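Peer 1: Turn these sequences into a full structure, and let the hints guide you.
From first to last, the protein sequence lines stand for chains R and E.
The first sequence maps to residues 1 to 210 in the numbering used here.
The second sequence maps to residues 1 to 102 in the numbering used here.
Wrong hints could be hidden among the right ones.
Straight-line distance between alpha carbons at most 25 Å, and here's what the computed BS3-like set of lysine-lysine pairs gives [stated by the list, open to error]:
1. E:LYS88 with R:LYS148
2. E:LYS87 with R:LYS93
3. R:LYS184 with E:LYS88
4. E:LYS87 with R:LYS184
5. R:LYS185 with E:LYS87
6. E:LYS88 with E:LYS101
7. E:LYS101 with E:LYS87
8. E:LYS88 with R:LYS185
9. R:LYS160 with R:LYS148
By construction, these hints were calculated from the structure, which means they are not laboratory data.
As the structure is a computational prediction, the values presented were derived from the model and not from experiment.
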Amino acid sequence: MNLSLVDFLFYVFATISVGGGLAVVLSRNPVTAAMFMILSLVGVASLFVLLEAFFLAVLQVLVYAGAVMVLFLFIIMLMDVGPDSGKGAKLSKKRILSGFIALLGVGLLTVLTLEYSGVATVATDSADHWQPVTEETSAAGANIVFSKSVKSFGYGLFTKYMLPLQVAGFLLLAAMVGVIVLSKKTDDADADNKADGPSLGTTNPQSEEA
Amino acid sequence: MDTIGVQDFLVVAVLLFSVGFLGVVLRRNLLLVLMSLELMLNAVNVALVAFSRHSANMDGSLFVFFIMTVAAAEVSVGLALLVALYKKRQSVFSEHLTMLKN
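Peer 2: Below is the structure:
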């Protein structure tokens, strides 16, 4: 069986992404885990390239491998968590049970997918089981045809998915406000309140000014 | 792509999802639990893009967009919670999350 270049690349990138993920789960040091996570995310981005979703690949590298993992690394360095000492990881009955259930779930998922992935290929006539990409897009509301261009992403987002786009923007705003509220210094304020006495949290600031 | 079908991408997605699931259930370090959650979301993205490309339909690819948005929001809030926890408990291990116990 001779492999074409694309097939060979698929196996390479699949190995990189799954192996990177496995290394994330197995590594003791959080920084090592974050580095392997970046490897895995770049592998997934390469799979997107093989699927001709170039814009999503760029987005994957920018958003995940860039922003999210940098955030993770900042937090890791901020909290100065060393490697897992394995001291507290005693093999209690609960942990063994949870591991067993996790393996059971993974096995079930794998078996079901392997069983039903044959069903997913009903349209496999082997001649055209990857439909050719066309550059045209249809009218809003109808199914938008898969296209490599970034323009079709914008078209879909701003016509058919206008409301979800607004909701996503609002979700980001809510997350931003939530993060600011969560990471404000509350310990000192609580201590001050306790020192002042059992004040209700709703004292109006004007009384303090007076 | 001559021999690679949508089912091969699906198998990769399942493997990634399983690895992430194992990480969420088995690891005690909450940072690694969050990373494993990201892995699971990525696996779903792979499956969505594969099906989108397979059926020549843009909807799946557009959904990946929203999944990325939600994942970014989730990570930022989760890490902020983790920092708040660390300030209180000096630990990021899940067995120390016992503030609601008594």
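Peer 1: Confirm or reject each hint.
Peer 2: Outcome of the hint check:
Our distance criterion of 25 Å between C-alpha atoms is broken by E:LYS88 and R:LYS148, whose separation comes to about 48 Å. About 30 Å separates the Cα atoms of E:LYS87 and R:LYS93, which puts this hinted pair outside 25 Å; it is violated. At roughly 13 Å between alpha-carbon atoms, R:LYS184 and E:LYS88 fall within 25 Å of each other, so this suggested pair holds. In summary, the hint linking E:LYS87 to R:LYS184 is supported, as the alpha carbons are separated by about 11 Å, within the 25 Å threshold.
This hinted pair checks out: R:LYS185 and E:LYS87 have alpha carbons roughly 10 Å apart, not beyond 25 Å. Restraint check for E:LYS88 and E:LYS101: satisfied, since their Cα atoms lie roughly 15 Å apart, inside the 25 Å limit. Proposed proximity of E:LYS101 and E:LYS87 is supported: the alpha carbons are some 19 Å apart, at most 25 Å. Proximity of E:LYS88 to R:LYS185 is assessed by CA-CA distance (about 12 Å); at most 25 Å being required, the pair is judged to hold.
The suggested pairing of R:LYS160 with R:LYS148 holds, with an alpha-carbon distance near 18 Å, which does not exceed 25 Å.
The structure fails hints 1 and 2 (numbered hints given earlier, in ascending order).
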